[in-house]
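Chemist: Next come the chains, spelled out residue by residue.
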Amino acid sequence: MPEQSMPEQSVAQAKTAGRRRSWRRSRVMRRLMRNPAALAAMATLVILTLIAIFANVLAPHDPNHVDLQNRLLAPGAGHLLGTDELGRDVLSRVLVATRVDLLASLQAVGLALVVGVPLGLLAGYAGGVGDAILSRIIDALMTLPPLMLAVVVVAILGPGLRNAMIAIAVLIVPSFYRVARGSTQSVAGELYIESARASGCSSWRILWRHILPGIAPPLLVQISFSASVVIVAEASLSFLGLGARAPQATWGLMLQEATASITTSSYLIYPPIVMVAITILAFSQLGDGLRDALGRQSNEGK
Amino acid sequence: MTNDIVSTSGHADEPVLTVRGLTKTYGRRPTWYRRHPHRLVAVNGIDLEVGPGETLGLVGESGAGKSTVGRLVLRLIEPDAGSIDLLGSDITTLRREELRRMRARATMVFQDPYTSLDPRMTILDSIAEPLLVQGGTGRSERYDKARSLVRRVGLNDAHVDRYPYEMSGGQLQRVAIARALITDPAFIVCDEPVAALDVSTQAQVINLLQDLQAERGISYLFISHDLRLVRLVADRVSVMRRGEVQETGPADRVFEAPEHAYTRELLAAIPGRTPRARRFAAPVGAAPAAPEPATGPALASAEEVVAPAQ
Amino acid sequence: MTAMTTMTERPQRDGSRAPSVVLRVEDLTVEVRTEQGTLTLIEGVDLTVRSDEIVGLVGESGSGKTVTSLATMGLLPRNARVSRGRIEVAGQEITGLPERRLADVRGVRAAMIFQEPRRCLNPAFTVGDQVAEAIRRHRGWSRKRAMAHTVDLFGLVEIPDPERRVRQYPHEFSGGMCQRVMLAMALACDPQLLIADEPTTALDVTVQRQVLELIRRLQAELGIGVLLITHDLGVVAEMCDRVSVMYAGQVVEEADADSLFHSPKNPYTSALLQSILEPTRHGEALTYIPGRVPPPHLFPATCRFQERCGFAVDEVCGQVVDLQPVAAGHSSRCARVHDLELAGVSE
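Chains as they are written, first to last, in the numbering used here: chain E, 451 to 752; chain A, 1090 to 1399; chain V, 16 to 362.
Where hints are given, some of them may not hold.
Stretch-level coverage of chain A by chain V, calculated; a stretch enters the list once three of its residues show a Cβ under 8 angstroms from a Cβ in chain V [stated by the list, open to error]:
{"no.": "1", "stretch": "1278 to 1289"}
{"no.": "2", "stretch": "1304 to 1317"}
So these bits of chain V aren't anywhere near chain A, every CB distance computed over 10 angstroms [stated by the list, open to error]:
{"no.": "3", "residue": "46"}
{"no.": "4", "residue": "100"}
{"no.": "5", "residue": "118"}
{"no.": "6", "residue": "286"}
{"no.": "7", "residue": "292"}
{"no.": "8", "residue": "305"}
{"no.": "9", "residue": "307"}
{"no.": "10", "residue": "341"}
In short, the hints are calculated from the structure, not lab data.
Even glycine gets a Cβ: it sits at the ideal position worked out from N, Cα and C.
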């Protein structure tokens, strides 16, 4: 009908003014920019990424150079953050670990995305028996205690950072599946999907060209939150000795090594803890910011 | 657009669409543990026929099942029973790929132009898409045809790179019409094509649909709740109520000499064009009177039909 | 049990009493803050509704008719405000009233019904409870007394079998019946003004006719002034005594219904009248207004209809135009009002 009558009407009228508002993406960016927390999170992530890329250049020492003469040095002029049990430079190790951790979480999120999203798309669009069975399996996966699930996967595959990441990917696949399935169901109910069918689009094209772009915003939010989950999970698994193996430098492993000498050299535990905390905070704040910025926009799209 | 699978549109006077005994029921089928599930018969054994270049108006109130019929004849939803002969093929038995080919020849214009176009596609891409998915055309060929249709429906080149949210309802409905036309269909289902538009814009879209029909000999199944509109555009009319066709006939006959009581009720309820004896003359405190017999309390029960989702 | 009992219980306020002005809007201007800056949605709107009439407020989407009605009820959204003008509901000035006092005006002096009645009802409560709740809130009556009054009101709005229906839930009501429930709720506290915003747009024609007739009867019997907001000139023709036509945030013509339909004095009104569908025509091309209503940030300072107007002459129309009287009770906002012969509808 020509008029909506509820109070939104006047707002809608005001919005016609914004009709020439252009390019929703830049609009989302503008909203993000106006959110200080999201802005700080983005800046932090940019810095972390730069550290990861230039870790080798930035590191003052070889992170794996064992120097038993200078074990457990307190922070000072030669070693800004001190040295560990094997005399390795902690600053260098923490910088290199940034690269390892970010790359690892990229792998885990990427893997979960590649598995979870297509399954969610298909289940959400096709529905029926396949959807019912798949959703039950995913539900069952989510009822298992996450750490136990990871331990089981690592036990099957053997320890190591790569296997730990596969375990973590298994852990977060359900959340991607659920977001993809739920969003697909709501987009699939839109009239333009029916219109695409009436125009002779195949199911593949509808999924790829019409539904996937529609579910991208919630997925983006989910990616950001998942990245922080992955960082924590990596630290936990490495701490338990199920993730990265020495002499590789990851935050979790550094934390584990630091606990051995916690009574004598407590300063060793701070660098990895601070890095983990900063990174998960940045990812989750970015996720919040994205959700707000996209959320308002997706309401307007109607 | 020639089509190898369904090119049998046949002789000039053969019907474009013939529907017999079409039935659609929503809800679960009875099973051994649920003998009497809640079921809703949306369309109950209806017959329709649309000739070449003809407009069949399908009128009725909400819940009558008209939109369901529109989707059934294009097999956007699956019928439970009945035959649908569309452009010479029995559409109920077409396989997936044949059905997709058929969509080039028989398509649909929806009620709400704001939501019937993908918000993330430009106008030009939206219009060209049906041609793209049929295959066999080059990019420039598609875009040239889309551009010429943009001009044909009364928009201009400045509009083609816009997104749907940048345009008005009337403009969007023109885009939807251009999109429907690009594969040169012989039959279009128009499902309340102007119900979401303002009065001054409605007329523009209706004129456009009429001109296109005269130009290209397209057949329409024109679904509307607005009898004035149907009178204007339809050659023949079917009146639906509660999933059944009450009355079918030439538009002039149905509107001037309705045979069915329900048609008469509908016609009597149309608001007039001029102010006339409006003042309600009942004495204060009197029991509610029935000012016009045709629309009085007799209708109270008619209103109680629970509307299914259309 | 139906209308009779209700009438005795209600304060007598039938058509026999001298009609009074129940709504007076003067120079109403509403602004809204957006990301693009402050926009003026409606400008200088004047409107009067007496207790013995139904006034139609007509316009296309974007004309500002709904903003006008929301401002009248003090229901503007947070980012909009009345920047100029006065609104008097049943003698009470409401601009600048705090929210708590506004709530008293709503319901007691003025009530509103909307296009989609079902969305205004809470699906979790029976309709009777919801109407009774409105009565209790405004009058402080006991639950029992309020429910008895609700049954009376259901009778008044011609809901069959009111004792049973008050115990049902909204999903058990059809669209037309829901609108009757909303009417009952609106009448719960004897308002003097009823604002009906597209009350029948979402309803089928036969049901529309019943609801319109009910509104007309209630107006006459209870002496309530009705402001009927609609885009449908057919509904206006059937219902209204006087009509205000809005275009792009301004009133462009105001007259009694007969003058407006038979001898409109504004080209926009005339064009709208030509676009009403005649139920008898077939196959002809329809007349229409080219272009569309400009959005608020593109409202021209001069005549706002100029660029779509078939009678526009640059020298005359390129100036600010005021609403000017052309006959008794008939005014139009058109620079060429005195030298135009405009077509209305014929019988």
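Chemist: Hints numbered earlier in the text: which of these fail when held up against the supplied structure?
Modeler: Violated: hints 6, 7, 8, 9.
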